[in-house]
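K.L.:
Sequence:
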Amino acid sequence: MKKEYIIYRLSELAKECTKIDNELFPKFDVKRGLRNEDGTGVLVGLTKVGNVVGYERLPEGGLKAIPGKLFYRGYDVEDLAHALLKEKRFGFEEVCYLLLSAKLPDKEELAAFKELLNENMALEQKTKMNILDLEGQNIMNILARSVLEMYTFDINPDDTSRDNLMRQAIELISKFPTIIAYAYNIYRHSTQGRSLHIRHPKENVSLAENFLFMLQKEYTELDARTLDLLLVLQAEHGGGNNSTFTVRVTSSSGTDTYSSIAAGIGSLKGPLHGGANIQVADMFHHLKENIVDWNSVEEIDAYFMRMLNKEVYDNSGLIYGIGHAVYTISDPRAVLLKELARDLAKEKGREEEFKFLELLEERAIDSFAKFKGTKKRVSSNVDFYSGFVYEMIGLPQEIYTPLFAMSRIVGWMAHRIEELTFDGKRIIRPAYKNVLDEEAYIPLKKR
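In our numbering, the protein residues as written are 1 to 447.
In short, the hints are calculated from the structure, not lab data. If you're wondering where the values come from, they're calculated on a predicted model, not measured in any experiment. Watch out, some of these pointers could steer you wrong.
Estimated spans, in silico, between C-beta atoms of each pair [stated by the list, open to error]:
id : residue 1 : residue 2 : range
1  : R194      : D423      : 50 to 56 Å
2  : R377      : R194      : 42 to 48 Å
3  : E352      : I198      : 34 to 40 Å
4  : E203      : D423      : 38 to 44 Å
5  : E87       : K425      : 51 to 57 Å
6  : S11       : L272      : 20 to 26 Å
In silico BS3-like cross-links for lysine-lysine, where the CA-CA straight-line distance does not exceed 25 Å [claimed, not checked]:
id : residue 1 : residue 2
7  : K15       : K2
8  : K310      : K372
9  : K48       : K425
10 : K86       : K348
11 : K370      : K31
12 : K370      : K288
Each residue gets a CB set at the ideal place from its N, CA and C atoms; glycine is no exception.
Please construct the entire structure, taking both the sequences and the accompanying hints into account.
P.N.:
Here it is in structure tokens:
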């Protein structure tokens with residue numbers, strides 16, 4: 001029997017055995033996707049790391065949508081971001097310190113922490129050489145393999161004590177920018193025949209500046225500040241988002257840090273999670289080419305209706321960058337990013353595109369509401385503007401999702417430390433209801 005037929009046969013059999021009647025889910029009160037009937041997440045744990053707020057519960061029952069809020073260790077991210085913008089300084093390192101310790105650092109503590117991160121950015125020579133050999137089409141996979149390889153060079157990789165976990169957190173936060181920058185330059189060299197540049201990280205500059213230097217050497221101050229804010233906004237998003245929950249689930253088993261973080265990277269890569277920013281960028285390019293009059297509400301609305309009816313673009317019926325599992329009225333990250341995107345568009349001479357994207361945001365929300373015929377509000381999410389911002393900075397699409405990981409590694413490690421050092425820790429083990437009848441065994445000769 002040919003191997004191709006065996007694969008085909010197994011696939012056809014799997015097609016039948018994976019069918020489950022949708023009516024069985026409510027019958028057994030199954031929370032599909034760990035979501036309640038009202039769309040809220042099933043409560044599976046407690047955390048002090050971050051809080052994502054999109055609604056409030058009413059005394060008489062039910063939910064009331066409110067403008068979205070995001071808190072890091074109790075601090076409103078909008079307050080943190082506006083303070084950084086007002087003082088014109090880089091803030092990702094400060095947010096890292098806050099998420100890891102629940103304390104805002106003073107000047108001396110922050111300076112020492114920045115120095116520690118900077119000292120750890122350089123890669124082991126063996127890791128550097130191995131990245132040169134890790135050619136591939138996806139930087140996220142190269143990042144995951146590089147993280148797994150770090151286990152080999154860690155002097156105490158399996159120790160899950162708090163001190164050791166914090167050391168590993170510093171190592172990962174520091175090295176992610178270097179790994180991603182090197183991996184992309186190698187990818188560009190192998191696929192596009194471009195010159196290979198491996199630049200060593202500089203001293204006394206921010207992580208955002210160092211990344212841009214290692215990646216492309218040239219950048220403006222606004223480029224670096226914009227990237228820094230993006231890192232701040234995507235550093236943490238509660239324990240329930242898919243990749244962070246993946247890190248917490250794997251951490252609860254007691255596995256090593258590198259295995260757990262590699263699993264988180266695999267989750268973030270998915271198009272329904274971190275990979276969404278690429279889809280928004282592709283959609284924007286498509287709309288720029290297919291909408292004749294960028295100021296026409298009627299033309300834009302008509303095209304969005306065709307998209308929702310699966311008639312154009314990728315026939316998915318989706319408008320990427322619109323809607324979120326928790327936020328309904330607004331995503332605070334999108335609101336903040338939009339402010340900076342406007343300034344960046346002025347510097348780059350792309351104000352017309354920004355105005356078009358702003359109108360698309362407005363019309364997409366309205367079109368979605370009309371199409372669904374529901375009173376439920378939707379808003380743009382952080383992905384709606386992030387792709388455009390990355391593009392204006394001059395960053396290639398191949399690193400959009402890795403940049404998300406470069407930021408979220410902080411939240412992942414904060415949650416991992418919390419999961420493993422909490423006194424009442426238990427392995428996360430939800431249940432699945434079996435809905436298949438038992439069968440009597442048939443001997444091989446009688447089949």
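K.L.:
State for each hint whether it applies.
P.N.:
Evaluated hints:
Between R194 and D423 the beta carbon distance is about 53 Å. The supplied range of 50 to 56 Å therefore holds. Taking the beta carbon of each, R377 and R194 are about 45 Å apart, inside 42 to 48 Å as hinted. Separation of E352 from I198 is about 38 Å and conforms to the stated range, judged on CB atoms against 34 to 40 Å. Range check, E203 to D423: about 41 Å between beta-carbon atoms, so the 38 to 44 Å window is met.
For the pair E87 and K425, the beta carbons lie near 39 Å from each other, so the given range of 51 to 57 Å is not met. Taking the beta carbon of each, S11 and L272 are about 23 Å apart, inside 20 to 26 Å as hinted. The straight-line distance between the Cα atoms of K15 and K2 is roughly 20 Å, inside the 25 Å bound, and the hint therefore holds. This hinted pair checks out: K310 and K372 have alpha carbons roughly 14 Å apart, not beyond 25 Å.
Restraint check for K48 and K425: satisfied, since their Cα atoms lie roughly 15 Å apart, inside the 25 Å limit. Taken as a hint, the K86 and K348 pair is honoured in the structure, with Cα atoms around 21 Å apart against an allowance of 25 Å. Straight-line distance between C-alpha atoms of K370 and K31 comes to about 28 Å, which puts the hinted pair past the 25 Å bound. Between K370 and K288, the direct Cα distance comes to roughly 23 Å. Compliance with the 25 Å bound is thereby established for this hinted pair.
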